[in-house]
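Listed here are the chains, written in short residue letters.
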Amino acid sequence: GQQLNQSPQSMFIQEGEDVSMNCTSSSIFNTWLWYKQDPGEGPVLLIALYKAGELTSNGRLTAQFGITRKDSFLNISASIPSDVGIYFCAGQLGRTGGTSYGKLTFGQGTILTVHP
Amino acid sequence: ETGVTQSPTHLIKTRGQQVTLRCSSQSGHNTVSWYQQALGQGPQFIFQYYREEENGRGNFPPRFSGLQFPNYSSELNVNALELDDSALYLCASSPRGFAGYTFGSGTRLTVV
Numbered sequence: 297g298q299q300l301n302q303s304p305q306s307m308f309i310q311e312g313e314d315v316s317m318n319c320t321s322s323s324i325f326n327t328w329l330w331y332k333q334d335p336g337e338g339p340v341l342l343i344a345l346y347k348a349g350e351l352t353s354n355g356r357l358t359a360q361f362g363i364t365r366k367d368s369f370l371n372i373s374a375s376i377p378s379d380v381g382i383y384f385c386a387g388q389l390g391r392t393g394g395t396s397y398g399k400l401t402f403g404q405g406t407i408l409t410v411h412p
Numbered sequence: 030e031t032g033v034t035q036s037p038t039h040l041i042k043t044r045g046q047q048v049t050l051r052c053s054s055q056s057g058h059n060t061v062s063w064y065q066q067a068l069g070q071g072p073q074f075i076f077q078y079y080r081e082e083e084n085g086r087g088n089f090p091p092r093f094s095g096l097q098f099p100n101y102s103s104e105l106n107v108n109a110l111e112l113d114d115s116a117l118y119l120c121a122s123s124p125r126g127f128a129g130y131t132f133g134s135g136t137r138l139t140v141v
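Chains R and F supply the protein sequences, listed in that same order. Here the first sequence stands for residues 297 to 412, where the numbers follow the working numbering. Here the second sequence stands for residues 30 to 141, where the numbers follow the working numbering.
Chain F on its own, in the form it takes in the complex:
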């Protein structure tokens, strides 16, 4: 079974631009969450999607938005990028009701 795959692995954006990150969940997993991990820190919860709807959100501004598609894959969109948005963005999936999320390898975003 394939795990969680994220794309791209790395990208560099300029302050003020917009970015879209993509995630394919593990087979059979219908719940997808996104996390931001700053250097030297633990991951911070951005939001979770279930049945194509946002189902929980952390302390992130509205310029962080997402989508989940019928095949359970997901996108994270960040508008008006700021320098502090530079981080590793992790996608995690799980079957509904199971806490043991499977994480992807992440997308390293650098904002210059």
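Chain R on its own, in the form it takes in the complex:
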């Protein structure tokens, strides 16, 4: 089955630094999503990407949908302490997914720690 490889597994950075993480897949997706999860909470959607090559920003966050449709990356600029959490990539086949239409396949997460 499809698997997403997310890297790095963890990052320890100083406040103000930029962060980059990526996600690769063994097969294509038609939608890529990035979520953030805080302890004891469910994942919160940060950015959704719907088209190969698409580059989308949400404040200090920028994400890109790889042109092969098998990868995506997320950048966070000028990190702040509240950026701490676990970041997940997720892929979805969408309409081509048949009975798995709505299924999101998640990576294993990147744990981000920001030192003040």
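Accuracy of the hints is not assured; some may be wrong.
Stated by the list, open to error - If you only want the chain R side, here are some residues facing chain F, beta carbon under 7 Å, derived:
#, residue
1, 337
2, 338
3, 403
4, 405
To be verified - Facing chain F, a subset of chain R residues (Cβ under 7 Å, in silico):
#, residue
5, 339
6, 341
7, 344
8, 384
9, 398
10, 399
11, 402
12, 404
Simulated from the structure, these hints should not be mistaken for lab results. Heads up, the beta-carbon is just placed ideally off N, CA and C, and yes, glycines get one too.
Fit chain F to the known structure of chain R by using the hints.
Using the frame of chain R, we list chain F on its own:
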């Protein structure tokens, strides 16, 4: 607008028992999915419901079953609980055709 709400937040069950978890979808969202998240892992897709019918299923055995009601709320039922079923169970809802699911805070299930 209210988000996705799940109940209970925590529960402890004994191996072999049955459990029912509940989810109220976000207003206007007619599609509900359930995910299992083991400690230190990403969420794993269990199944999705649309118009009260199962509309996609992940690699979970039949003892995981669900329901969706006319108001789009949903239940996840797990029979014959096993120790490995201990996890955070997440419900997510979205309007049909939109990939950006809204997740609830989850139910933490511990099987002893």
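Against the structure, the hints come out as follows:
no. : hint : verdict
1   : 337  : holds, 5 Å
2   : 338  : holds, 3 Å
3   : 403  : holds, 6 Å
4   : 405  : holds, 6 Å
5   : 339  : holds, 5 Å
6   : 341  : holds, 5 Å
7   : 344  : holds, 5 Å
8   : 384  : holds, 5 Å
9   : 398  : holds, 4 Å
10  : 399  : holds, 5 Å
11  : 402  : holds, 3 Å
12  : 404  : holds, 5 Å
Against the hints set out earlier in the document, no violation occurs for any number.
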